[in-house]
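Peer 1: Chain by chain, the residues:
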Amino acid sequence: MTKKLVCLALACLMALVSVSALAANYVNVFNWEDYISEEAIQLFEEEYKDLDLHVNYMNFTTNEDMMVQVRTSPGAFDVVVPSEYCVERMIKEGLIQELNYDLLPNAKKYTLPELLDPSYDPANAHSIPYMWGTLGILYNTELVDDEIDSWKWMFDEKYAGSVFMLDSIRDSMGMALKYLGYSMNTKDPKELTAAANLLIDQKARGIVKAYQVDETKDKMVNGEAALALVWSGDAEYAQELNDKLAYVIPQEGSNIWVDCFVIPSTARNVEYAHLFIDFMSRPEIAVLNVQEIGYSCPNQGAIELMGEEYTSNTTMNPPEEKVALCEYFNDIDEGSMKIYNALWGKVKNAK
Amino acid sequence: MTSFQAPAWSVPVLIAAFVIFIGLVIFYVIKSRGIRRPLFAMPYTAWVALFTVIPCLLIAYYAFTDAAGRFTLDNFKSFWDSDYEMNRELIEMGMDPAELGFGRGTVNVDTLVYSLWMALLCTVICLALGYPAAYIMADREFRLGATIVVLFIIPMWMNFLLRTIAWMSLLEDNGLINNFLASIGLPRLRLMYNSGAVLMGMIYNYLPFMVFPIYNVLNKMDLKYSEAAMDLGASPIKTFLKVTLPLSLPGVVSGITMVFMPSVTTFFIPRVLGGGNTEMFGDLIERTFLTANNWNVGSALSLIMMVLILLSLGLLRKVDPEGEGEGML
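First to last, the sequence lines map onto chains A and B. Mapping to the numbering used here: the first sequence position 343 is 343, numbers consecutive. Count along the second sequence from 1, then add 1000; that gives the number in the numbering used here.
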């Protein structure tokens, strides 16, 4: 008898919990891990207390994982933060809806003009930038006495055995393609082969010390190599720990990436999703997020608030003419990806 | 790059397998009129079926199908010719692969040969280092033996990734060893980012797997045999060669198995200590699955690896049919 009573009590409790969950309003945010300021979320919930609005924050670790989740769980997410090449793919697959800019006054007002109307999403119909960054060379001014302004130094025998490459196909191949004067998004097998041969030659001449990803920033802090191909976020991290390091976007141009807010077509709380995105676009809130994450800020208002400290930092805030040289990665079709992968295998196993 | 999705039939198959399993349990209980001892083996059997047999079958399924799920042997052609898929793509685009300088791509086969060679070196060196160590540790007159056993075990409490990363801070150009050399006026050495460092990392990680089976056998060995040999006038060297060594062979065989198998499939160590400059077969499989997102070719590579390991196990079984050495681990 007591057992039955306990069961009944538990059932009632569970029902109560689910009812209260239904009463509250949720914005289901699907974002990278550690990619938002906790304080910003709290402020958002406080601001919309009268709507009883709560943020349900969920994480993913790769764009590909995120795509699978969005495809297979319709209605689970209201705001998602994909990278730009995935925005392109999600538009193609009809996974995301157009944004209503009447509900996004801040986003419209503050986004940097050079990031607007991008090739991956014309007129920003579906996406608004959240964070961005570039690919470039991080170098140690104690070990390098040349003016590093070009990718050519990554192939120079002077720095043999002292160059770190990225163990990442698109980035390393992209660097070689840019050096040869081609687009990072080329699908021409001749250009791709030329780029791969350049990388094989670079390795055969003993210029590359290692292909790695996460280890590079700490090793550059320790002075393990003179030059390294890095993303600006990692460069900023390393420069904070070692003031002998400098970051540059070479004159041949490079890659620029943007992580964007989008709203899935199956979102249940479209209005709240807009509220969330617009709140995160308020300058003072964008400042919180940028300071938490350490990537480049797409929000003009936030940049003004941060002032000299941000604008004088050329890693986070590269000059406009350098940004203009950079290309977004386009989504690459499966056939070309096969060519990329076979060529990359040759590079990785060249002697 | 399409992301992985399990074939549509996998869910019904899993449900069917579960129903069959429950049915078997009920059938068994009814047939033997009550709960008998063998029933307790059922959960383990189900566990092995679910997490070992079914994944192996899935690997075989992916190895023999293409992205659309049709039967094909192309994945094995891709093993032999790593440029196979690229060349097919080029021909589809109306280009001649030969014009771009592509024929048969040897990346996959070369990597396999390199992995086998490294594994062989690692096994031989582990045996040369491990046998004397085990012999001394098992010597009953050597009092520190038990202490050394513990010293061998303690590092294994730490995760192997962590131990490998720790080697990095020793071997780096600005690492502890090189800073020490520089401070006493010696030139710095290139210790990392090469095959030698990878081999060292492998030996470091796998040496205990050679030492313990041999130690186990030597430790349990009846001293009467060698005493008898000595009493009958055999010299210590002859006693070792004619009595101790043959009796310890089962331990040697299982030591070789325990070192060779993980050596061939090594990954991560080449990336950390070798600076990603040369891939081993494990890295190749990982890259094929995760970077190239090609589950079919990746499965074919895994299957080839599995067959190779099975073959070498079969060979070793001939030497040690009872598998006596595999006690301790």
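Hints listed in this document are in silico derivations from the structure and should not be mistaken for laboratory results. Keep in mind that the hints are not guaranteed to be accurate.
Unchecked claim - Beyond 10 Å from chain B on every Cβ pair, some chain A residues (computed):
{"hint": "1", "residue": "Y48"}
{"hint": "2", "residue": "N59"}
{"hint": "3", "residue": "L112"}
{"hint": "4", "residue": "V144"}
{"hint": "5", "residue": "E147"}
{"hint": "6", "residue": "D167"}
{"hint": "7", "residue": "P189"}
{"hint": "8", "residue": "T193"}
{"hint": "9", "residue": "A210"}
{"hint": "10", "residue": "Y211"}
{"hint": "11", "residue": "Q212"}
{"hint": "12", "residue": "E215"}
{"hint": "13", "residue": "E224"}
{"hint": "14", "residue": "D243"}
{"hint": "15", "residue": "K244"}
{"hint": "16", "residue": "Q251"}
To be verified - Think about it this way: if two alpha-carbon atoms lie no more than 25 Å apart in a straight line, the pair counts; the simulated BS3-like pairs of lysine-lysine are:
{"hint": "17", "chain 1": "B", "residue 1": "K1077", "chain 2": "A", "residue 2": "K346"}
{"hint": "18", "chain 1": "A", "residue 1": "K49", "chain 2": "A", "residue 2": "K322"}
{"hint": "19", "chain 1": "B", "residue 1": "K1077", "chain 2": "A", "residue 2": "K351"}
Think of the CB as a built atom: it goes at the ideal place given N, C-alpha and C, for glycine as much as any other residue.
Peer 1: Taking the closest pair, is the beta carbon of A210/A still more than 10 Å from chain B?
Peer 2: The claim is violated: A210/A sits with its nearest Cβ about 3 Å from chain B, within 10 Å.
Peer 1: Does D243/A clear chain B by more than 10 Å, comparing its Cβ with all Cβ atoms of that chain?
Peer 2: Non-interface label stands for D243/A: nearest chain B Cβ at 17 Å, farther than 10 Å.
Peer 1: Could you let me know if the closest chain B CB is still more than 10 Å away from the CB of E224/A?
Peer 2: Non-interface label on E224/A violated, nearest chain B Cβ at 6 Å vs cutoff 10 Å.
Peer 1: Is it the case that Q251/A keeps its Cβ farther than 10 Å from each residue Cβ in chain B?
Peer 2: Holds: least Cβ distance 28 Å, greater than 10 Å.
Peer 1: Against chain B, does Y211/A hold up as non-interface, every C-beta pair farther apart than 10 Å?
Peer 2: violated (4 Å)
Peer 1: Does L112/A clear chain B by more than 10 Å, comparing its Cβ with all Cβ atoms of that chain?
Peer 2: holds (29 Å)
Peer 1: Hinted pair, alpha-carbon criterion (25 Å max): K1077/B, K351/A. Please report holds or violated.
Peer 2: holds (24 Å)
Peer 1: Does K322/A lie within 25 Å of K49/A when you go C-alpha to C-alpha?
Peer 2: Roughly 43 Å separates the two Cα atoms, so the pair is violated.
Peer 1: Hey, is Y48/A genuinely clear of chain B, shortest beta carbon separation above 10 Å?
Peer 2: Label holds. Min Cβ-Cβ 34 Å, cutoff 10 Å.
Peer 1: Non-interface claim for E215/A: all C-beta distances to chain B beyond 10 Å?
Peer 2: violated (8 Å)
Peer 1: Taking the shortest Cβ-to-Cβ distance between Q212/A and chain B, state whether it exceeds 10 Å.
Peer 2: Incorrect as stated: the minimum Cβ-Cβ distance to chain B is 6 Å, not above 10 Å.
Peer 1: For P189/A, is the shortest beta carbon distance to chain B beyond 10 Å?
Peer 2: Given that some Cβ of chain B is not farther than 10 Å from that of P189/A, nearest at about 6 Å, it is violated.
Checked against the numbered hints above, the structure violates hints 6, 7, 8, 9, 10, 11, 12, 13 and 18; every other hint is satisfied.
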